[in-house]
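**Student:** Chains as they are written, first to last, in our numbering: chain A, 1 to 115; chain B, 1 to 121.
Don't take each hint at face value.
Claimed, not checked - Calculated cross-link-like contacts (lysine-lysine; reagent style DSS-like; alpha-carbon spacing at most 25 Å):
{"#": "1", "chain 1": "A", "residue 1": "Lys110", "chain 2": "B", "residue 2": "Lys41"}
{"#": "2", "chain 1": "A", "residue 1": "Lys107", "chain 2": "A", "residue 2": "Lys70"}
{"#": "3", "chain 1": "B", "residue 1": "Lys41", "chain 2": "A", "residue 2": "Lys26"}
Unchecked claim - FRET-style restraints, in silico, Cβ to Cβ:
{"#": "4", "chain 1": "A", "residue 1": "Gly59", "chain 2": "B", "residue 2": "Ser18", "range": "40 to 46 Å"}
{"#": "5", "chain 1": "B", "residue 1": "Phe39", "chain 2": "A", "residue 2": "Ala82", "range": "23 to 29 Å"}
{"#": "6", "chain 1": "B", "residue 1": "Lys41", "chain 2": "A", "residue 2": "Leu75", "range": "23 to 29 Å"}
{"#": "7", "chain 1": "A", "residue 1": "Asn38", "chain 2": "B", "residue 2": "Lys66", "range": "26 to 32 Å"}
{"#": "8", "chain 1": "A", "residue 1": "Glu55", "chain 2": "B", "residue 2": "Ser18", "range": "45 to 51 Å"}
{"#": "9", "chain 1": "A", "residue 1": "Lys56", "chain 2": "B", "residue 2": "Phe39", "range": "26 to 32 Å"}
{"#": "10", "chain 1": "B", "residue 1": "Lys41", "chain 2": "A", "residue 2": "Arg60", "range": "23 to 29 Å"}
{"#": "11", "chain 1": "A", "residue 1": "Thr77", "chain 2": "B", "residue 2": "Ser83", "range": "45 to 51 Å"}
Claimed, not checked - From chain A, some residues computed to sit far from chain B (all C-beta separations above 12 Å):
{"#": "12", "residue": "Gln9"}
{"#": "13", "residue": "Thr20"}
{"#": "14", "residue": "Lys26"}
{"#": "15", "residue": "Arg60"}
{"#": "16", "residue": "Leu61"}
{"#": "17", "residue": "Arg62"}
{"#": "18", "residue": "Thr67"}
{"#": "19", "residue": "Lys69"}
{"#": "20", "residue": "Ser73"}
{"#": "21", "residue": "Thr84"}
Keep in mind that the hints were calculated from the coordinates and are not lab data. We put the beta carbon where it would ideally sit given N, CA and C, even for glycine.
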Amino acid sequence: SQQGEEDPQALSIQEGENATMNCSYKTSINNLQWYRQNSGRGLVHLILIRSNEREKHSGRLRVTLDTSKKSSSLLITASRAADTASYFCATDRRVAGAGSYQLTFGKGTKLSVIP
Amino acid sequence: GAVVSQHPSRVICKSGTSVKIECRSLDFQATTMFWYRQFPKQSLMLMATSNEGSKATYEQGVEKDKFLINHASLTLSTLTVTSAHPEDSSFYICSALSLGLAEFSKADTQYFGPGTRLTVL
Numbered sequence: 001s002q003q004g005e006e007d008p009q010a011l012s013i014q015e016g017e018n019a020t021m022n023c024s025y026k027t028s029i030n031n032l033q034w035y036r037q038n039s040g041r042g043l044v045h046l047i048l049i050r051s052n053e054r055e056k057h058s059g060r061l062r063v064t065l066d067t068s069k070k071s072s073s074l075l076i077t078a079s080r081a082a083d084t085a086s087y088f089c090a091t092d093r094r095v096a097g098a099g100s101y102q103l104t105f106g107k108g109t110k111l112s113v114i115p
Numbered sequence: 001g002a003v004v005s006q007h008p009s010r011v012i013c014k015s016g017t018s019v020k021i022e023c024r025s026l027d028f029q030a031t032t033m034f035w036y037r038q039f040p041k042q043s044l045m046l047m048a049t050s051n052e053g054s055k056a057t058y059e060q061g062v063e064k065d066k067f068l069i070n071h072a073s074l075t076l077s078t079l080t081v082t083s084a085h086p087e088d089s090s091f092y093i094c095s096a097l098s099l100g101l102a103e104f105s106k107a108d109t110q111y112f113g114p115g116t117r118l119t120v121l
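Only chain A is shown next, with the shape it has when bound in the complex:
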């Protein structure tokens, strides 16, 4: 079942505006990650926030994590047309005995930045 659920499903903003996307999940996590996918392409890792962190920054990206509410948000400041893509949150769980992580992806938010 889908662990992460993003909202909104689609977001359209003007270039220069900020874009905020939210993600909720259901079970406990080790970390939460945000990915970007351009249409018909692979995923690009944006940022990872660990369960003991509350906020993280990377360039124009700001991610928050509220483990009590099981939610995260991704803020893109000063958006650009090139930011147009789908954004997915993914939560991880360690596979018992395998020592590796599996990611469960949300449905994604399709962001359109209008020049």
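With chain A held as given, fit chain B onto it using these hints.
**Tutor:** Just chain B now, kept in the frame of chain A:
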């Protein structure tokens, strides 16, 4: 650094044929690779977890005899879609879990390939 490639990027095949998709970590070692499927306008669904030198672990509902996975080395995993049908048409994406040994790859981070678009006629 930390590049994962997939080959082919696109493939069109006839119903009933088999298709092999390769996933390679080009500049780092990956004991674990993951295979995902993504239908149009939907999210990625994990199909299976592939560990080097052992059998793949399939998610519920994924037929292991239909989607054959081989992970023969630390840099290569293959997914073979056997007796493909039109409903298997999808975007298949692999990822490789980094051991963190290469300076430009972070441990426990999945690096994704560019995906393979499979169309079964």
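**Student:** Take the hints in turn and mark each one as holding or not.
**Tutor:** Evaluation of the provided hints:
Between the alpha carbons of Lys110 (chain A) and Lys41 (chain B) the distance comes to roughly 9 Å, so the proposed pair stays at or under 25 Å and holds. Taking the CA atoms of Lys107 (chain A) and Lys70 (chain A), the gap is about 16 Å. The hint holds against a cut of 25 Å. For the given pair, Lys41 (chain B) sits about 22 Å from Lys26 (chain A) by alpha-carbon distance, which is consistent with the 25 Å threshold. A beta carbon spacing of about 44 Å between Gly59 (chain A) and Ser18 (chain B) agrees with the range 40 to 46 Å that was offered as a hint.
For Phe39 (chain B) and Ala82 (chain A), the hinted distance range of 23 to 29 Å is satisfied, since their beta carbons lie about 26 Å from each other. For Lys41 (chain B) and Leu75 (chain A), the Cβ-Cβ distance of about 24 Å falls inside the hinted range of 23 to 29 Å, so the restraint holds. In this structure, Asn38 (chain A) and Lys66 (chain B) meet the distance hint of 26 to 32 Å, their C-beta atoms being roughly 29 Å apart. Distance hint check for Glu55 (chain A) and Ser18 (chain B): the Cβ-Cβ separation is about 48 Å, which falls inside the suggested range of 45 to 51 Å.
For the pair Lys56 (chain A) and Phe39 (chain B), the beta carbons lie near 31 Å from each other, so the given range of 26 to 32 Å is met. Here the CB-CB span from Lys41 (chain B) to Arg60 (chain A) is close to 26 Å, well matched to the stated 23 to 29 Å. The hinted window of 45 to 51 Å between Thr77 (chain A) and Ser83 (chain B) holds, with their beta carbons roughly 49 Å apart. The beta carbon of Gln9 (chain A) is not kept farther than 12 Å from every beta carbon of chain B, the shortest such distance being approximately 10 Å.
No beta-carbon of chain B comes within 12 Å of the beta-carbon of Thr20 (chain A); the shortest separation is about 19 Å. For Lys26 (chain A), the condition that its CB be more than 12 Å from all CB atoms of chain B holds, with the nearest at approximately 15 Å. At roughly 21 Å from the closest C-beta of chain B, the C-beta of Arg60 (chain A) stays outside 12 Å, upholding its exclusion from the interface. For Leu61 (chain A), the requirement that its beta carbon stay farther than 12 Å from each beta carbon of chain B is met, with the minimum near 16 Å.
For Arg62 (chain A), the non-interface assignment is confirmed: its Cβ lies about 20 Å from the closest Cβ of chain B, beyond the 12 Å cut-off. At roughly 19 Å from the closest C-beta of chain B, the C-beta of Thr67 (chain A) stays outside 12 Å, upholding its exclusion from the interface. At roughly 21 Å, the least C-beta separation between Lys69 (chain A) and chain B is larger than 12 Å, which holds for a residue marked as non-interface. Residue placement check: Ser73 (chain A) keeps its beta carbon more than 12 Å from all beta carbons of chain B (closest about 18 Å).
For Thr84 (chain A), the non-interface assignment is confirmed: its Cβ lies about 15 Å from the closest Cβ of chain B, beyond the 12 Å cut-off.
Hint 12 from the earlier list is the only one contradicted by this structure; the remaining hints agree with it.
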